[in-house]
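Chain A is already provided as a structure; the job is to place chain B on it using the hints.
2 protein chains.
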Amino acid sequence: MSFFRCQHFLSFSILLMAIFVVRTTQADEGMWLFNQLPKRQLSEQHSFGVDSQWAERLMLAAVRFNSGGSASFVSANGLVLTNHHVAADTLYKLSTPENNYHEDGFLAKDFSQEIPAPDLELNQLVAIQDVTDKVNSALTAGMSPQEAAKARQAIMASIEKDSLDKSGLRSDVVTLFGGGKYHLYLYKKYTDVRLVWAPESGAAFFGGDADNFEYPRYCLDVTLFRVYENGTPAKISNHLRTEPQGATDGDLIFVAGNPGRTRRIYTADALAYQRDVAMPRMMNLLRRKENLLLQYSLGGDEEARRAKDDLFGIQNSRKAYSGMLGGLQDPSFIASKRELEATLEKKVVDNPKLESLGDAWKSIHEVQQRKAALIGKSGTLKSRLYSIAETIVLMIAEDAKASADRLRQFRDSNRESLEQELYSPAPMYPDLERTLLADELARLMEDRGGDDPLVQSILAGKSPRSRAAEVVAGTKLFDVATRKEIAAGNGEALSKSDEPAIKMALAFEAEHRRIESEMDEIEELERQAYAKINQAQFAISGDSVYPDATFTLRIAYGIAKGYESDGVVLPWSTTMGDAFEHEVRHHSQSPWILPKSWHDAKSSLNLPTPLNFVCTADIIGGNSGSPVVNKEGKLVGVIFDGNIDSLTADFYYTDKTARAIAVHISGVLEALSKIYKADHLVDEMTAK
Amino acid sequence: MSFFRCQHFLSFSILLMAIFVVRTTQADEGMWLFNQLPKRQLSEQHSFGVDSQWAERLMLAAVRFNSGGSASFVSANGLVLTNHHVAADTLYKLSTPENNYHEDGFLAKDFSQEIPAPDLELNQLVAIQDVTDKVNSALTAGMSPQEAAKARQAIMASIEKDSLDKSGLRSDVVTLFGGGKYHLYLYKKYTDVRLVWAPESGAAFFGGDADNFEYPRYCLDVTLFRVYENGTPAKISNHLRTEPQGATDGDLIFVAGNPGRTRRIYTADALAYQRDVAMPRMMNLLRRKENLLLQYSLGGDEEARRAKDDLFGIQNSRKAYSGMLGGLQDPSFIASKRELEATLEKKVVDNPKLESLGDAWKSIHEVQQRKAALIGKSGTLKSRLYSIAETIVLMIAEDAKASADRLRQFRDSNRESLEQELYSPAPMYPDLERTLLADELARLMEDRGGDDPLVQSILAGKSPRSRAAEVVAGTKLFDVATRKEIAAGNGEALSKSDEPAIKMALAFEAEHRRIESEMDEIEELERQAYAKINQAQFAISGDSVYPDATFTLRIAYGIAKGYESDGVVLPWSTTMGDAFEHEVRHHSQSPWILPKSWHDAKSSLNLPTPLNFVCTADIIGGNSGSPVVNKEGKLVGVIFDGNIDSLTADFYYTDKTARAIAVHISGVLEALSKIYKADHLVDEMTAK
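Protein sequences appear in the order of chains A and B.
Residues 126 to 813 (the numbering used here) are what the first sequence spells out, left to right.
Residues 126 to 813 (the numbering used here) are what the second sequence spells out, left to right.
Careful, some of the hints might be misleading.
Which copy? The list can't say, so a pair holds if one copy fits it or any two copies do.
Stated by the list, open to error - Taking lysine-lysine pairs in the DSS-like style, the calculated list, with each CA pair at most 30 Å apart, reads:
#	residue 1	residue 2
1	K444	K502
2	K291	K802
3	K587	K471
4	K587	K487
5	K721	K218
6	K478	K502
7	K487	K721
8	K275	K313
9	K444	K471
10	K313	K609
11	K487	K502
12	K275	K686
13	K444	K433
14	K507	K444
15	K314	K686
16	K781	K587
17	K433	K472
18	K587	K462
19	K444	K587
20	K234	K478
21	K781	K314
22	K727	K275
Treat the hints as calculated values from the structure; they're not laboratory data.
For reference, chain A alone in the conformation it holds in the complex (with noise of 0.2 Å):
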């Protein structure tokens, strides 16, 4: 479960936008900062009393994927563990048609036969510094949306420059409480990233879409990296300690990672809007691309392996979305949350001191008109192609100013990571590129009606599919060569340019640009809105909140068990044996076809060894990867997936049914040992 596999599907700007404060906790609920830890409710609901320096450990422990995901360092030598459809996006650059690394795995038996990743970047969170007054003193009153908007993002890239400069580290100040805080992360980042071994994704991925978001499941969704330093396996002195005997049914658990989104502070019309308007539209959106890529796929097994990777994304994003906009229907659901809200705003309307707070229901209701009347309007077309040229034509024009006058991504700070994005050297596919522009060209073209200047313009005359092929059939840009030329030219070199696809995005910039900054401006709105309803309920509810999501680290806890749903009572675990007994009940039908490698080894194995278990932690797309420990920090599972019921998690933690699926670390030493012949990785995670 992480539809941050399918990050192009969700705009970077609304990834970081919805960062916002929740009123009062219940039961396991929260994604805690590392620096304002759920001491209390640890203490009251659980007696554990959280030691700083246990916390700090763990910290450093965790690992972020830059691409999506969350993992952890579970050995002294930089040895990485995250899931396996984390690790899928690497495993397909690194696969060929001869070698299908993602279908049939890896193992490297020593060192030397690990694979170096073309394009991963993987960030330890080493500090954390608040700037909140920092921040705030930039603006001043009487400033427009837009004034204050550019005031935040001078200083917050100031901010970011210096810290880099001084510290040498990854510098992101990261907003929280919808503004009301505002913290700077600082992060090791490692990217000589080294593949060390996957399963087959029929271990992985077992019972495939089908049983993707269901419980019980019985998928060894795990890999594992290794990082380099200066050619050598990075000595990790803060890893995880593994323990063998993992997660026992009733532990209290701890999940560390980084939750990619939530918006429970979202209002009654916000919510209605997302129901509404916004995700109906990025569920067709889904389809269309899931469609698309079905297609395509039919072409035979290799056009099937090209397009399995943005498959499964879109796949995994579509149920994902389905089981939010599920829970938004639910008429219930808004009913509630209107009612609270009015109840808050009577009280705000009541205290004399709060009056300056009282209209932010009201921004965000017109916030939420704006936006409708901009969806369809994207500035931008989703293909990997395309937005190379685009980075190129938007970095050329950029690198012209100040850093922080610049767009977000092209700023000094995150440099590094732009360009190894732009120029990975992950293999791209003509077919699928031109497959895949031509859809967006129609989608375009759908979205604005055909006789849109803007839309006649881009297809020169042609049709979608027509111009498309005449664009992938000329572009250089498959060479990474071809694109840093181009990238080290000017602005004049570039307008003058013949390759087809920096054109097109030539001919889309200026409008582009329009529709980011309205977004920037509307964002602002909503982002001094929302800072108005948290000093309203900080005012009324006091503290025990904790920010919503913002792909940063966070730690959440819970308890391993089971649960009932419709009359049936679900297990807190599975067990290896469950396994292949789940294979026999599907008939061993594709998805349902467990790896030869298992059925070898069968006979060896401990079958009531556990392999996935469920617990009430409260996580979301973005923790995949994320380990699980014990009360003494202990690593003894990894999150993979939530349930069907936790999809609702966005907008509301529950726990009732709602539950986080794990790997049961039980489970990945028994396999490692007994199915992999890895006893030496066994023994790397279990050194003492």
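Below, chain B alone, put in the same frame as chain A:
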């Protein structure tokens, strides 16, 4: 290729709406009326003199599947030959978990083994009468659009009723040339239709969705039924004689079938509306349903079997619409249409005699805007369960009126067909109905917004999923006797019913009628405007015209010949041997798996026997199953598809790379004899 298999996505009113004349014809263009044959064209282009008796024999041998396809009588004992995919609906209904006739095929060894289809109606066109003057006489100057439409409906209903009473034949007034002509079609109906033979779906739909709308093809897409009268095989005097050699490269051939809908008269504005609004919405709906059924099918083999029929229809439609939309998205097409239109409009304006016609284009333009405002405001839910409830609710109210005043489908002339559908004993599956209804309720909420009072009333405070579960669990409409019982009641009894599906349909009834009425008005305005454009074209371009398709019997003609596409030369025909090679080329993987019966019989087969072939005849969805005959009027093939380039046929004909695809009759006979051991059927079809 029958996007009428998916008829519930094409509102019936739309199906019957676009009935307009075409300007000038080119090459083998045209779907000609049997009472207005293209004698001059055939003589000039192919030196062929059409003999009226020749044409009448062909007309009488042609059969229409009321469910949305074409066919022909091929023996004196009532044998009917159509496509397997036209029969699929019936094959699914006759199948059980034990006997999957769609998948595994069926063969009756004698009459006693032939299985009655639950709800088929076959139509044989026996006479056509021009009733234009009679219809027009009912309209007087100064009538409002609503009055004109009502008056026309009333006179048409009365003509149909009189004819039915007098002849005992099904009598339909067909609106041709956008109202330029009205013809009364008299059909002999056959409702006792029995399954005789069907091949395995692996042979009929070899290559599946991947090969659909492609060429070369290798499909035995045929099935045999038999019509009965009074419990014995019907005696057919005008059946087609089979030409065992079938078609040959370069042959002049004729196709007699029921093309469903074309819109070649559409103005540029109407086409732009299709391109920018109607078709993108349709594509979203189709992808939505496809996705839904694919997810449902993941539940298991039985679920997959239940969903397969609808799923195939939807995938077929989706691919067809994507081809049509692709054609419209070529800017040069609408541009050239706009140019032609400007020329015509200028001639009209410059000609004082035609002055009154000049506002037609503006009127069409305005109508598109009204349509756009109405789109997404459907007054119904597309589910079989809901459709049954809705039919009963409307029927009870309509039955209280005189036949002529009723909604079209409730008039006496359509009574038998309506009841056959309503009381069909075909199996319904609660889990599938729940899935479909839940999705339709969600779709309704997305279309109208969750705060819409009508939506709230229909959902009754529940989520779409819960509401659908509640209705499906509580309904008794799965039982045919209950349907009859409720339908026998009056309006008062109905209003007190606590049958949940009926209550839902009652809550929707007023809105449904409001929308139908507005659609009627829009269609009337459109009809009047197109009638003017037709008049202008008649006045300026003269004759050489055929009306847009109306799912009534037409004759098309063309040449059996190959073509060149992207530099590849494609042969006029494929052979049975090629089918085996195609299977090997795709590693015998699904959907390229020929049935065991083919492999068992391979050594005895004459492999060079033609299996499929292409021709330039002008066809479209609804033509599926149409007989292809030679100059002697003998059966040489059966239409089953068009290639992807032919999908523009809705809007324009081209013979450059567009082709109709047929099963070659020699392949049918060879397979019947050698693979299916059905020499008795070969003998029946080839009897002198």
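The hints, checked one at a time:
1. Proximity of K444 and K502 under a CA criterion of 30 Å is satisfied in both settings, with 25 Å inside one chain copy and 26 Å between copies.
2. In this assembly of identical chains, the alpha carbons of K291 and K802 never lie at most 30 Å apart, being 46 Å within a copy and 86 Å across copies at closest.
3. For a Cα distance limit of 30 Å, the shortest separation of K587 from K471 across copies, 28 Å, qualifies, whereas the shortest one inside one copy, 57 Å, does not.
4. Taking the closest pair of Cα atoms, K587 and K487 come within 30 Å of each other only across two copies (27 Å); inside a single copy the shortest separation is 45 Å, beyond that limit.
5. For a Cα distance limit of 30 Å, the shortest separation of K721 from K218 inside one copy, 24 Å, qualifies, whereas the shortest one across copies, 39 Å, does not.
6. For the homomeric pair K478 and K502, neither the shortest alpha-carbon distance inside one copy (41 Å) nor that between copies (46 Å) is at most 30 Å.
7. Taking identical chains as interchangeable, the C-alpha atoms of K487 and K721 are never at most 30 Å apart, the minima being 60 Å within one chain and 68 Å between chains.
8. Taking identical chains as interchangeable, the C-alpha atoms of K275 and K313 lie at most 30 Å apart only when both belong to the same chain, with a minimum of 28 Å there against 77 Å between chains.
9. Neither within a single protomer nor between protomers do K444 and K471 lie at most 30 Å apart by alpha-carbon distance, with minima of 38 Å and 54 Å respectively.
10. In the homo-oligomer, the alpha carbons of K313 and K609 lie at most 30 Å apart inside one protomer (26 Å), although the nearest pairing across protomers, at 74 Å, exceeds that limit.
11. When the C-alpha separation of K487 and K502 is checked against a cutoff of 30 Å, the pair qualifies both within a copy, at 24 Å, and between copies, at 28 Å.
12. In this homomeric assembly, K275 and K686 never come within 30 Å of each other (Cα to Cα): the closest approach is 48 Å inside a single copy and 66 Å across copies.
13. Taking identical chains as interchangeable, the C-alpha atoms of K444 and K433 lie at most 30 Å apart whether they share a chain (16 Å) or sit on different chains (21 Å).
14. For a Cα distance limit of 30 Å, the shortest separation of K507 from K444 qualifies both inside one copy, at 20 Å, and across copies, at 22 Å.
15. Taking the shortest alpha-carbon separations for K314 and K686, neither the intra-copy value of 36 Å nor the inter-copy value of 64 Å comes in at or below 30 Å.
16. Taking the shortest Cα distances, K781 and K587 sit within 30 Å of each other only across copies (19 Å), while inside one copy they are farther apart (55 Å).
17. In this homomeric assembly, K433 and K472 never come within 30 Å of each other (Cα to Cα): the closest approach is 52 Å inside a single copy and 56 Å across copies.
18. For the identical chains of this complex, K587 and K462 are inter-copy neighbours only, at 16 Å across copies versus 49 Å inside a copy, given an alpha-carbon limit of 30 Å.
19. In the homo-oligomer, the alpha carbons of K444 and K587 lie at most 30 Å apart only across protomers (21 Å), although the nearest pairing inside one protomer, at 35 Å, exceeds that limit.
20. For the identical chains of this complex, K234 and K478 are neighbours neither inside a copy (67 Å) nor across copies (90 Å), given an alpha-carbon limit of 30 Å.
21. Taking the shortest alpha-carbon separations for K781 and K314, neither the intra-copy value of 39 Å nor the inter-copy value of 59 Å comes in at or below 30 Å.
22. Taking CA atoms no more than 30 Å apart as the test, K727 paired with K275 passes in neither setting, with 61 Å inside one copy and 75 Å between copies.
When the structure is compared with the earlier hints, violations turn up for hints 2, 6, 7, 9, 12, 15, 17, 20, 21 and 22 and for no others.
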